[in-house]
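Protein chains in written order, with UniProt numbering: chain A, 1 to 319; chain B, 1 to 319.
Bear in mind the hints are in silico, worked out from the structure with no lab data behind them.
You may find that some hints are simply not true.
Copies of the same chain are indistinguishable here, so a pair counts whether it falls within one copy or spans any two.
[Unchecked claim] Listed below are the simulated EDC-like cross-link pairs for lysine to aspartate or glutamate, each with C-alpha atoms no more than 20 Å apart in a straight line:
hint, residue 1, residue 2
1, Lys235, Asp224
2, Lys11, Glu305
3, Lys232, Asp170
4, Lys235, Asp131
5, Lys11, Glu276
6, Lys11, Glu312
There are 2 protein chains.
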Amino acid sequence: MLEGAVSAHRKYLEPIKGSQRALVARYGPRAGKVGLVIGGGTGHEPAFLGYVGKGLADAVAIGNIFSSPPPDPIVQCALAASGGKGVLFVYGNYAGDVMNFEMAAEMAEEQGIPIRTVLTTDDIASSPLEDKDGRRGVAGNFFIFKVAGAACDQGLTLDACEAATRKANDRTFTVGVALEPCSMPQTRRHNFEIGPEDMEIGMGIHGEPGVSRERIRTADEVVDAIMDNIFKEMKAQPGDRVAVLVNSFGATPMMELYILFRRVEQRLAAKNIVIEANWVGHYCTSLDMAGASISILHLDPQLTELLHHPCETAVLNIN
Amino acid sequence: MLEGAVSAHRKYLEPIKGSQRALVARYGPRAGKVGLVIGGGTGHEPAFLGYVGKGLADAVAIGNIFSSPPPDPIVQCALAASGGKGVLFVYGNYAGDVMNFEMAAEMAEEQGIPIRTVLTTDDIASSPLEDKDGRRGVAGNFFIFKVAGAACDQGLTLDACEAATRKANDRTFTVGVALEPCSMPQTRRHNFEIGPEDMEIGMGIHGEPGVSRERIRTADEVVDAIMDNIFKEMKAQPGDRVAVLVNSFGATPMMELYILFRRVEQRLAAKNIVIEANWVGHYCTSLDMAGASISILHLDPQLTELLHHPCETAVLNIN
């Protein structure tokens, strides 16, 4: 899989010292620029390697299916991404990733590279607001990586890159809904079981339990449940601008995503919230799981500028 | 669905006279340029509306799920796409589409717009070589639309646009493999049945029968069977260049597509055929069908230039 992925995307990235577990962006890292390293398990394609390229992430460390990469490829990424101004690690808040990226951060700092870390925690269904730091990072990574990559590419300091990324994470809200499990290639089994007429709101991208399991409802009702949760946390005022990502978990086709998007727009419009930009498609999947997630980035002027900053990656090309 | 799709992609397209069945590219049609109209049933997203935009298709007519659009929206598309130099219709060779697009062509010509038609027939498993004109158009549409859109955008004559498109169709070879059926939203039933350990090579994008149903084989073996079929028809010499599309039918994740791509590249490399450009992902789907297709465009200098010509659409951005 990695051989195919690396060669399919060779226009944007290349292996670091021959390792397909550590990939660096062509024309990404450069002297005087903060480096951006992302990573995580496979099974979420096009995340994470689709977000590597000029103007976005400088390097990606790749683990096994739904597993963190070990520290070594992460350190290789840090070395490759370093331009002498420090390196930012941005990845989802999962125990395995935290352990491995923290070890890698120590090892990279021993080699003289200052490391800062932003854990993504956009999945608001994964833990209550009082435990915001315990939340998982999911498809909203798309926005958080984009902002981080743009801040780094603009030549901001490590402090400023970290601050912009942290702000993007604080202002990104995701809720998913699962309809069918994925099939794990290692075991040839489903990663969870769910009745044919049931759905689970808030389920994570590895099948982590959500907030409620119930009978399937209409697309509009599902979006309403998701947006109600997001509106509880997003302090948006009339006239505010957002970016929207409607993401398939894998097997849910674009036709259904468009139906979801329609209702998202209606709900935002009812509050006079303007969609500045949107994406609908496969951006952070869970193998062949059926379901979708909705992510909203609550913009401010800086985030808007960073969102539109040019980048060239397999998934996202902005010029 | 159409409301959501039109509003998700409003950056690239807009309804013609308020009809969501007929969409025109923003900044696409212009005086002195041949217009390009594409279209077909829904259920194949991001085909066909994802290919509408400056430098690619000027307008798209949209039918119900797996059904041709009726003549009226096609005529609207022809009128909207016309820049006084004629309009090219490019669509897959299916009886319903042929009937409706031919009626629309007559109606548009009555209004003074010269129409030329290229039927796409890239699915080499759909009929033997002796019946090349009886073949179906499938994911290789991606390349044929791209070439047609670039020829139109370059300001070529209607004759030259038609000739380039016809050449692209003659040099595009697709074979698909199906592992599981899709679920039809209208009926809530599968569109065909296949055993859990079986696959069907050559199956069409609406579940049309393929060339062989057999036990599932490894990814490499499946690619070998597909590429052997393609090599029988593609008269490529060592040093020739191709474009490659590895397309998911819907539920097959990118991880599996990368495994297929790896073997495609190996098979091409063994013949000293060079990959000029490649795409791996969801480009022409069949709702949530599991399976994939491989399309190869055998390039020549003109096709290479047209392939790289800039375009701006929801699916494809080349600058």
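**Q.** Within, between, both or neither: Lys11, Glu276 at alpha-carbon 20 Å
**A.** between (29 Å within a copy, 11 Å between copies)
Q: If the cutoff is 20 Å on CA atoms, where do Lys235 and Asp131 land: within, between, both or neither? Let me know, please.
A: within (18 Å within a copy, 62 Å between copies)
Q. Is it within, between, both, or neither for Lys11 and Glu305, if the alpha carbons may be no more than 20 Å apart?
A. This pair counts as between: shortest inter-copy Cα distance 18 Å, intra-copy 26 Å.
Q) From the Cα coordinates, with 20 Å as the cut-off, is the pair Lys11 and Glu312 best called within, between, both, or neither? A) Result: close both inside a copy and across copies, 10 Å intra and 19 Å inter.
(Q) Cα distance capped at 20 Å. Does Lys235 pair with Asp224 within a copy, between copies, both, or neither? (A) within (17 Å within a copy, 55 Å between copies)
Q | Identical-chain pair category, Lys232 with Asp170, by Cα at 20 Å | A | within (14 Å within a copy, 56 Å between copies)
Checked against the numbered hints above, the structure breaks none of them.
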